[in-house]
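If you read the sequences in order, they're chains F and U.
Heads up: the first sequence runs through residues 1 to 365, numbered per this note's numbering.
Heads up: the second sequence runs through residues 1 to 288, numbered per this note's numbering.
It is possible that part of the hints are untrue.
[What the hints assert, rightly or not] Computed, partial: chain F to chain U, Cβ under 8 Å:
| # | residue |
| --- | --- |
| 1 | Leu63 |
| 2 | Ser80 |
| 3 | Asn84 |
| 4 | Asn89 |
| 5 | Ala96 |
| 6 | Phe109 |
| 7 | Gly110 |
| 8 | Met113 |
| 9 | Arg114 |
| 10 | Pro117 |
| 11 | Arg157 |
| 12 | Phe250 |
[As the list claims (entries may be wrong)] Listed next, the stretches of chain U that the computed footprint assigns to chain F, with coverage defined by at least 3 CB atoms under 8 Å from CB atoms of chain F:
| # | segment |
| --- | --- |
| 13 | 191 to 199 |
| 14 | 206 to 213 |
[As the list claims (entries may be wrong)] Calculated Cβ distances over 12 Å to all of chain F for the following chain U residues:
| # | residue |
| --- | --- |
| 15 | Gly18 |
| 16 | Leu31 |
| 17 | Leu35 |
| 18 | Thr49 |
| 19 | Trp59 |
| 20 | Val77 |
| 21 | Arg78 |
| 22 | Val80 |
| 23 | Trp99 |
| 24 | Arg109 |
| 25 | Arg132 |
| 26 | Ser142 |
| 27 | Ala256 |
| 28 | Met270 |
| 29 | Met273 |
Simulated from the structure, these hints should not be mistaken for lab results.
All C-beta atoms, glycine included, are put in the ideal place defined by N, C-alpha and C.
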Amino acid sequence: MNEITESQDQRSAAVSLRGISKLFDDVTAVDSVDLDIGDSEFFALLGPSGCGKTTTLRMIAGLEIPSAGSLQIFGEEVGSLPPNKRPVNTVFQNYALFPHMSVVDNVAFGLKMRKIPKSEISTRVHEAISLVRMTGMEDRRPNQLSGGQQQRVALARALVNRPKVLLLDEPLAALDLKLRQEMQFELKQLQREVGITFVFVTHDQEEALALSDRIGVMNDGRLLQVGTPEEMYDAPIDRFVADFIGRSNFLKATLESAEVVCLANGQRIRVPQVDAVSVGDEVQVSLRPERVMIGDLDSAPHDSAQLSGTVETETFLGNSVVYRVALDWMTIEVEADHRPDVERYHAGDRVDLWWRDDAVAVVRP
Amino acid sequence: MKLGAAELKREREERRRGFFLALPSFAYMLLFFVLPLVIVLIYSFATRTSTGSTALSDWNLDAYRKLGEPIVRNVVVRSVVLALVTTVICLVVAYPFAWFCAHQRPTVRNVLLIAVMIPFWTNFLVRNYAWRILLSKGGPISTFTEAIGLGEVDILFTKTAVVIGLVYAYLPFMILPLYASIDRLDQRLIEAGRDLYGSGPQTFRRIILPLTMPGVIAGSILVFVPSMGAYVTPELLGGGKETMLGSYIVTQFLTARNWPVGASLSFVLMAVMLISTVIYFRSGGRNL
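Produce the complete structure using the sequences and hints provided.
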């Protein structure tokens with residue numbers, strides 16, 4: 001992990017985790033995570049439920065105290081400070097708006113607690129409410145608002161405090177698809193406008209890809225990989241990451257040299273250079289369905305990696321067709337464009353599959 | 001939208017079925033609650049004859065006028081004060097306990113809640129006599145305080161003893177509604193309060209307390225109302241010296257043989273309680 005995290009400049013880190021672990025009774029929820037999140041960065045913690053991403057976020061918020069490790073916010077050690085002493089605010093899952101307070105009172109809560117002068121509270125609250133486009137709804141109660149509106153109030157309630165870091169726990173999960181897409185766009189714009197660090201937790205890989213500057217994928221309490229959305233998609237270093245972000249075929253192989261692997265069927269193929277595994281290791285080659293070309297038997301160009309097989313099933317998806325192609329040692333999924341100029345295959349057809357050497361990634365099994 | 005004939009018929013049938021199912025309890029309430037209440041109301045307007053019997057004629061408001069007299073006012077004030085003190089002590093004792101219960105594992109929580117109800121398995125009168133022994137001079141408490149050098153405790157037949165007895169008797173009525181409202185409280189709201197720079201006490205005052213207010217009010221009514229009308233505890237632990245409304249009413253019926261006054265006092269007490277309960281349900285409806 002170190003080769004990734006250390007490339008970040010120590011001084012500019014908004015949030016810095018070193019060996020952070022959290023145990024609940026005897027269960028390890030978060031297992032020695034090292035992570036630096038940059039200033040003004042939109043960072044996503046991505047993973048399945050129970051992977052430790054929310055616990056990590058809660059530790060940054062101060063709602064959980066780490067069992068081990070160091071946690072700094074802009075260089076200040078905050079690991080054991082209570083939440084009200086940290087320069088961060090949280091947008092909770094399902095928003096946790098105070099049901100007995102109006103929109104204005106909800107938004108003003110943090111400022112009142114910090115004993116900010118009344119006149120300033122009023123100005124800042126109205127700024128925040130107009131920032132999230134909720135002007136005119138000030139006197140409503142949370143139960144009189146739609147999900148999207150509640151979401152906006154929750155954002156205003158956090159942002160009005162001008163936190164150094166905004167934490168968002170599955171902020172869009174409770175919204176329906178269409179609203180979610182709208183809010184994604186708004187969230188991204190809002191982050192650019194206010195220019196503060198956003199750390200957000202999600203189990204939705206598309207959301208993470210669409211919103212974030214960088215993504216950290218977690219599983220079983222461990223942070224597996226951190227990188228830009230493109231890096232995570234193109235060059236995953238772990239099978240779990242390749243599988244969780246997008247779809248992929250995994251071909252068993254052994255790393256023979258920095259750029260050559262031997263597949264389980266004995267065939268040698270060239271791969272992009274890898275650092276995460278060493279020569280001689282058992283690895284897997286991640287091959288995205290849409291990066292595999294499909295064509296008639298013996299039509300593959302001779303200079304690229306290729307396999308031959310029989311089409312087992314075809315699934316029509318509108319803009320593409322997904323074929324399951326049976327080789328004699330495994331089955332590979334191929335996604336081909338659905339266009340008039342692309343040949344269409346059917347179950348039982350013998351086909352060639354091929355790909356460019358740089359279309360694959362070698363991952364830890 | 002207009003309902004079709006078949007729909008209307010079905011709806012009427014369902015309503016009628018509901019009425020028949022509720023009929024036994026309607027009848028019971030009518031016979032044993034509404035009817036006696038009406039009798040009490042009638043008696044409160046009756047006349048006490050010179051022999052002490054009650055004449056159901058010459059309807060008048062004399063009994064209600066008598067309620068304004070100092071002797072009655074003293075009893076009312078004493079009852080209200082003792083009931084208020086009892087309610088406040090119950091609230092202060094019950095809130096932390098209810099909070100603790102609500103944050104335990106389900107098994108521990110059930111054991112604790114059953115423990116709260118165990119005293120009900122013993123007769124109320126017996127429990128009051130037990131307190132009399134506990135509090136008496138030379139009783140266990142007194143012996144203990146003497147042993148550790150605090151001197152003997154002699155509080156039986158005082159207001160303190162009455163309040164101790166009332167708190168003991170009605171504490172479960174405070175704990176249970178408080179527990180219910182604390183258990184319903186969304187933990188994330190507390191976290192949100194803390195996250196938004198609220199200290200522990202601030203979060204309690206601004207978020208936890210307002211959101212558990214329905215439980216606080218329900219518990220307070222459930223403790224205050226029976227405390228006001230308490231009879232057994234003030235008699236046994238107050239020794240009849242600290243007369244409360246309940247005892248005064250009994251005296252009017254049995255000793256003073258002034259049924260109209262006893263009836264009018266009963267009726268006013270009940271009306272006040274009823275009105276405060278209605279106010280609670282109005283405000284509770286808004287909070288919930």
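Tested hints:
1. Leu63: holds, 5 Å
2. Ser80: This interface hint is violated because 14 Å lies over the 8 Å limit.
3. Asn84: holds, 5 Å
4. Asn89: holds, 6 Å
5. Ala96: This hint holds: Ala96 of chain F lies near chain U, its Cβ roughly 4 Å from the closest one there, short of 8 Å.
6. Phe109: holds, 5 Å
7. Gly110: holds, 4 Å
8. Met113: holds, 4 Å
9. Arg114: holds, 5 Å
10. Pro117: violated, 15 Å
11. Arg157: Where the cut-off is 8 Å and the nearest Cβ of chain U is about 7 Å from Arg157 of chain F, the hint holds.
12. Phe250: The hint is violated - Phe250 of chain F has no Cβ within 8 Å of chain U, the shortest such distance being about 39 Å.
13. 191 to 199: holds (count 9)
14. 206 to 213: holds (count 4)
15. Gly18: holds, 30 Å
16. Leu31: Holds: least Cβ distance 42 Å, greater than 12 Å.
17. Leu35: Per Cβ check, Leu35 of chain U is outside 12 Å of chain F; nearest 42 Å; holds.
18. Thr49: holds, 57 Å
19. Trp59: holds, 49 Å
20. Val77: At roughly 35 Å from the nearest Cβ of chain F, Val77 of chain U sits farther out than 12 Å, so the non-interface label holds.
21. Arg78: Holds, because the least Cβ-Cβ distance between Arg78 of chain U and chain F comes to about 36 Å, which exceeds 12 Å.
22. Val80: holds, 30 Å
23. Trp99: About 19 Å separates Trp99 of chain U from the closest Cβ of chain F, which puts it past 12 Å; holds.
24. Arg109: Non-interface label stands for Arg109 of chain U: nearest chain F Cβ at 18 Å, farther than 12 Å.
25. Arg132: holds, 45 Å
26. Ser142: The claim holds: Ser142 of chain U sits with its nearest Cβ about 45 Å from chain F, beyond 12 Å.
27. Ala256: For Ala256 of chain U, whose nearest Cβ neighbour in chain F is about 50 Å away, the distance exceeds 12 Å, so it holds.
28. Met270: Correct as stated: the minimum Cβ-Cβ distance to chain F is 32 Å, above 12 Å.
29. Met273: It holds; Met273 of chain U is separated from chain F by about 27 Å at its closest Cβ, greater than 12 Å.
When the structure is compared with the earlier hints, violations turn up for hints 2, 10, 12 and for no others.
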